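Chemist: Listed below are the residues making up each chain.
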Amino acid sequence: MPGISREEVAHLARLARLELKDEELDHFAGQLDDIIGAVATVSDVANEDVPPTSHPLPLTNVMRPDTVRPSLTPQQALSGAPAQEQQRFKVPQILGED
Amino acid sequence: MTVTELVPYEEALATYDPVMGLEVHVELGTATKMFCGCSTTLGADANSQTCPTCLGLPGALPVVNATGVESAVRIGLALHCEIAEWCRFARKNYFYPDMPKNFQTSQYDEPIAFDGYLDVQLEDGEIFRVEIERAHMEEDTGKSTHIGGATGRIHGASHSLLDYNRAGIPLIEIVTKPIEGAGERAPEVAKAYVAELRELIKALGVSEARMEMGQMRCDVNLSLRPKGERSFGTRSETKNVNSLRSVERAARFEVQRHAAVLDAGGKIVQETRHFHEDDGSTTPGRVKEEAEDYRYFPEPDLVPVAPSREWVEELRAGLPELPRVRRNRLREEWGISQHEMQSVLNAGAVGLIVATTDAGAPADQARKWWMGELARRANESGTDLADLPIGPEDVARVCALVAEGSLNDKLARQVIEGVLDGEGAPDEVVEKRGLKVVSDEGALGAAVDEAIAGNAAVAEKIRGGKVQAAGALVGAVMKATRGQADAARVRELILEKLGVEG
Amino acid sequence: MADLTRLTAAQTAEMIASGEVTAVEVAEAHLARIEAVDEKVHAFLHIDREGALAKAREVDEKRARGERLGPLAGVPAAVKDLFTTEGVPTTVGSKILEGWIPPYDSTVVRKLKEADVVILGKTNMDEFAMGSSTENSAYGPTGNPWDLTRVPGGSGGGSSAAITAYEAPLALGTDTGGSIRQPAAVTGTVGVKPTYGGVSRYGMVAFSSSLDQAGPCARTVLDAALLHAVIGGHDELDSTSIDQPVPDVVAAARNGDVAGLRVGVVTEFRGEGYQAGVLQRVDETVELLRELGAEVVEVSCPSFTKALAAYYLIAPSECSSNLARFDAMRYGLRVGDDGTHSAEEVTALTREAGFGDEVKRRVMLGTYALSSGYYDAYYGSAQKVRTLITRDFERAFGEVDVLVSPTTPTTAFPIGERTDDPMAMYLADLCTIPSNLAGNAAMSVPCGLAPEDGLPVGLQIIAPAMADDCLYRVGAALEAAHQARWGHPLLEEAPSL
Ligand SMILES: [Mg+2]
Ligand SMILES: [Zn+2]
Numbered sequence: 000m001p002g003i004s005r006e007e008v009a010h011l012a013r014l015a016r017l018e019l020k021d022e023e024l025d026h027f028a029g030q031l032d033d034i035i036g037a038v039a040t041v042s043d044v045a046n047e048d049v050p051p052t053s054h055p056l057p058l059t060n061v062m063r064p065d066t067v068r069p070s071l072t073p074q075q076a077l078s079g080a081p082a083q084e085q086q087r088f089k090v091p092q093i094l095g096e097d
Numbered sequence: 000m001t002v003t004e005l006v007p008y009e010e011a012l013a014t015y016d017p018v019m020g021l022e023v024h025v026e027l028g029t030a031t032k033m034f035c036g037c038s039t040t041l042g043a044d045a046n047s048q049t050c051p052t053c054l055g056l057p058g059a060l061p062v063v064n065a066t067g068v069e070s071a072v073r074i075g076l077a078l079h080c081e082i083a084e085w086c087r088f089a090r091k092n093y094f095y096p097d098m099p100k101n102f103q104t105s106q107y108d109e110p111i112a113f114d115g116y117l118d119v120q121l122e123d124g125e126i127f128r129v130e131i132e133r134a135h136m137e138e139d140t141g142k143s144t145h146i147g148g149a150t151g152r153i154h155g156a157s158h159s160l161l162d163y164n165r166a167g168i169p170l171i172e173i174v175t176k177p178i179e180g181a182g183e184r185a186p187e188v189a190k191a192y193v194a195e196l197r198e199l200i201k202a203l204g205v206s207e208a209r210m211e212m213g214q215m216r217c218d219v220n221l222s223l224r225p226k227g228e229r230s231f232g233t234r235s236e237t238k239n240v241n242s243l244r245s246v247e248r249a250a251r252f253e254v255q256r257h258a259a260v261l262d263a264g265g266k267i268v269q270e271t272r273h274f275h276e277d278d279g280s281t282t283p284g285r286v287k288e289e290a291e292d293y294r295y296f297p298e299p300d301l302v303p304v305a306p307s308r309e310w311v312e313e314l315r316a317g318l319p320e321l322p323r324v325r326r327n328r329l330r331e332e333w334g335i336s337q338h339e340m341q342s343v344l345n346a347g348a349v350g351l352i353v354a355t356t357d358a359g360a361p362a363d364q365a366r367k368w369w370m371g372e373l374a375r376r377a378n379e380s381g382t383d384l385a386d387l388p389i390g391p392e393d394v395a396r397v398c399a400l401v402a403e404g405s406l407n408d409k410l411a412r413q414v415i416e417g418v419l420d421g422e423g424a425p426d427e428v429v430e431k432r433g434l435k436v437v438s439d440e441g442a443l444g445a446a447v448d449e450a451i452a453g454n455a456a457v458a459e460k461i462r463g464g465k466v467q468a469a470g471a472l473v474g475a476v477m478k479a480t481r482g483q484a485d486a487a488r489v490r491e492l493i494l495e496k497l498g499v500e501g
Numbered sequence: 000m001a002d003l004t005r006l007t008a009a010q011t012a013e014m015i016a017s018g019e020v021t022a023v024e025v026a027e028a029h030l031a032r033i034e035a036v037d038e039k040v041h042a043f044l045h046i047d048r049e050g051a052l053a054k055a056r057e058v059d060e061k062r063a064r065g066e067r068l069g070p071l072a073g074v075p076a077a078v079k080d081l082f083t084t085e086g087v088p089t090t091v092g093s094k095i096l097e098g099w100i101p102p103y104d105s106t107v108v109r110k111l112k113e114a115d116v117v118i119l120g121k122t123n124m125d126e127f128a129m130g131s132s133t134e135n136s137a138y139g140p141t142g143n144p145w146d147l148t149r150v151p152g153g154s155g156g157g158s159s160a161a162i163t164a165y166e167a168p169l170a171l172g173t174d175t176g177g178s179i180r181q182p183a184a185v186t187g188t189v190g191v192k193p194t195y196g197g198v199s200r201y202g203m204v205a206f207s208s209s210l211d212q213a214g215p216c217a218r219t220v221l222d223a224a225l226l227h228a229v230i231g232g233h234d235e236l237d238s239t240s241i242d243q244p245v246p247d248v249v250a251a252a253r254n255g256d257v258a259g260l261r262v263g264v265v266t267e268f269r270g271e272g273y274q275a276g277v278l279q280r281v282d283e284t285v286e287l288l289r290e291l292g293a294e295v296v297e298v299s300c301p302s303f304t305k306a307l308a309a310y311y312l313i314a315p316s317e318c319s320s321n322l323a324r325f326d327a328m329r330y331g332l333r334v335g336d337d338g339t340h341s342a343e344e345v346t347a348l349t350r351e352a353g354f355g356d357e358v359k360r361r362v363m364l365g366t367y368a369l370s371s372g373y374y375d376a377y378y379g380s381a382q383k384v385r386t387l388i389t390r391d392f393e394r395a396f397g398e399v400d401v402l403v404s405p406t407t408p409t410t411a412f413p414i415g416e417r418t419d420d421p422m423a424m425y426l427a428d429l430c431t432i433p434s435n436l437a438g439n440a441a442m443s444v445p446c447g448l449a450p451e452d453g454l455p456v457g458l459q460i461i462a463p464a465m466a467d468d469c470l471y472r473v474g475a476a477l478e479a480a481h482q483a484r485w486g487h488p489l490l491e492e493a494p495s496l
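Residue numbers (numbering that gives the first Met the number 0), protein chains in the order written: chain L, 0 to 97; chain A, 0 to 501; chain B, 0 to 496.
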């Protein structure tokens, strides 16, 4: 198993939207490297012919009928909004697709 | 950005072979969202159709809409897909403010439907088979409005406003396998495929599939490879191409653009591109520093979906006739050409004509009205045929009145006009406007006598065997009766009175 | 009048029902106790005095009208600050949700209200339930009432400390890797992780969806059962909720009996890293089970040695996705919105400022484990281990009715001892994690004080899924036998605050 570099931590932080400070990068790189080293023992079973378990229960087909339930009021929906305008959530400019 | 001189289309096709992939998102017409009970009704007040689940509030959980799954299976079956015996939802992780949880609940490597095809008919009648890779279930995002920039665009905006009413509305994403071998007809195939898919979705009744409303959205992936080459070139992904015409134009533009880049010895960048309705061009999206890594994993808040084979067969048995099959059957029943059928289709008149014949009208009459007078009116007012204030029942009634001789063509036209103007049902319009054909033989006979007397020279010609001249006398009678006579009967009477055989 | 805060929930409910005391008197006694000791313990993040008294008055009025009262009517309870409470702040121990007032109740809280339980307030916890000591709370640590310089366990240290300090007879917890059982063990109380799907997760702020389960914290096995019965059962708002009646845990708790029961001692959970006094008390308790008529055998579950590693891949993976919603757009903290930063930057600045180190570590670890190129080796393998652990349990439950082990390898450790060593901290959940991975039911009951430090030791009992009643039968039998031996409940040996 490869260890984890400072650059990789920076990449993970970007993916996870964490604006880490420089000293944090070093700090976390060391810790994550330790943890990953320890948990990497699971890969002993990587080649074993065992099905994965994603859900602890063998349930399937849990569905609800297509009937409308009451929604929140817009006031309730917006009650926690850091900023709002025109009954909408107001957010800083979005960089991205036009 | 360097502007590339486009290569003429024919020239591009002489060197390269286009390969396409089409991804279509269809918003289902369910009453509630995919994972919560919020209403999906359009046009509601901002953020009035949201709940903890579709707002992604801490602690909220999803529950699958049974009708959403049923619609997905029916779409899959209509596309001749296999239906998974067991499949899961997966989380597609990426941050975007219009997505409340910052992951989209979707499906990844276990789609509910896979390995199908859709046969599409091109303008000249040729059938082209488009292979379907998969159809899967997912959810829509909220809607953002950009404030402060020019024309509501994202660039230059100071901030954005978010309405999550649309967040969580069920989507079915339908992905084709690479479409090869279409050659120069690739753009036409793309358009025909999306058109056919739209017809299919509507026939299934799972969505109104109105592209202009965003209920159906298409991404066009395209690459070129030198003729004779087997491996695919690098593709571009043109997002949100939202009309049939645009699908064709986008594919055509990308063929020309790719050819230009390749001819110049350049490399195609794998990127998303935006289509511009105004000039039919595409431009690159924002360049991301890092490749997307969606970190898909099975959605732990939902349990697997395992459609029983019995249920799948039940749904299969309940599928409607496929649009292409139905179209060909109707075309034969109506005895019209491929080309005429295409016009009917383009006008959106197939269903209306069928409904009119179901209401008792002969097919040719039904078609005549919908494709003639009514198409003209719809065109004038810029509405869809289906949105005109007249229905198949009304048109069928007018046809019946003509058939029984109560109306002639001219009067029928006036009745239609009356219905369109909101004067009521055909019989009411006839009543109010006094539009009955003059069938009182006495009154009609008098009018004929008058016309003969007033046009002695014409009458003489007719007596002498020039039967065609009767038209002038018919015209005079029709004028005298203000059009409310059966022209055929008038002609009969004239010839009878002048002692000639018709 | 006797000190109302020393009563069990069962006794309190009886006295309110019989009119011996009013619900308002009970609520006031507990609010006064909180006022007196919580400055030292710091079990609570928020106290809802008004809401509690209003509910208590409602109960008293119901009784006055002659209405039938439920089995916990008027009994106070504390709620871990991870359950949404309409109109009452919910922070999950994080700065990122400071001041957030949910517009909806979690299903479990709704059930408490319907059962006329008096909710006193919200308890402290490790941020987003990530931790084993409650030191990861953004609002400061909770002290262990046995020794305020030591941790009360975690993540639900606030809930366990509250009942230990007699601030409430009952508390709600959540258990993703041991967050109910491990605090119960180190505070000498009872904690139950019900079968996965046995209690609704709707309105529980998610840490790791496939592992999280809500459960009761109490001072007695019967009290835990009474709370379990109120919160358990199917919920159509939680797709992973089991559509079957909850086993009759209350009857089981009233009929403690282990005669003829087959008990398996997990051989993997002893040895290096286990405190001698912990093993001693656990061994004595196993011996007690034998004396009570149980048939005790050793059972090996070899895959359990990989449970911790699998857990620290699965839980971070799920949490990296579950916590993505904290993006400063719709609720919670927003940092850097000064007109110069984009939405994306504001999200990153807010998460940097709003999340503590442990949350950041796990979010990054999970992001890593799910990344393309690493998924199969990490997340994929961890899911295979999960299957192997489930198989070990199946094999074991083919031979025995319940499994037992220490709940946690050591007694309560000093505050600050493990904060700079994540791996050392993670070891606290070594014995509790397998049940979360497999989804079965488990309980921690007190089994005495470790001789070397005089701190509580817990015994973990594990039963198959949907056999939660089995836990209570065994737990109640042990509780009775222990108290007969000690002459009083273990908690009476705790120093007064
Ligand atoms: Mg999609
Ligand atoms: Zn909703």
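Some clues are possibly wrong.
Derived DSS-like pairs: lysine-lysine, alpha-carbon spacing no greater than 27 Å straight-line [what the hints assert, rightly or not]:
(1) A:K460 - A:K496
(2) A:K496 - A:K435
(3) L:K89 - A:K238
(4) A:K201 - A:K367
(5) A:K238 - A:K176
(6) A:K201 - A:K266
(7) L:K89 - A:K142
(8) B:K94 - L:K20
(9) A:K367 - L:K89
(10) A:K431 - A:K465
(11) A:K266 - A:K176
(12) L:K89 - B:K94
Derived Cβ-Cβ restraints for the label pairs, each shown as a range [unchecked claim]:
(13) L:P51 - A:G390: 16 to 26 Å
(14) L:P51 - B:E38: 23 to 33 Å
(15) L:K20 - B:E297: 44 to 54 Å
Okay, the calculated bits of chain B under chain L, using three or more residues with CB under 8 Å as the criterion [stated by the list, open to error]:
(16) 59-70
(17) 75-84
(18) 122-134
(19) 237-243
(20) 327-337
(21) 379-391
(22) 476-487
Just so you know, the hints here were simulated from the structure itself, not pulled from any lab data.
Because the structure is a prediction, the values reported are computed rather than measured.
Just so it is clear, CB atoms sit at the ideal spot from N, CA and C, and this is done for glycine as well.
Chemist: Report the numbers of all earlier hints that the structure fails to satisfy, in ascending order.
Modeler: Numbers 6, 9, 10, 13, 14, 16, 17, 18, 22, in rising order.
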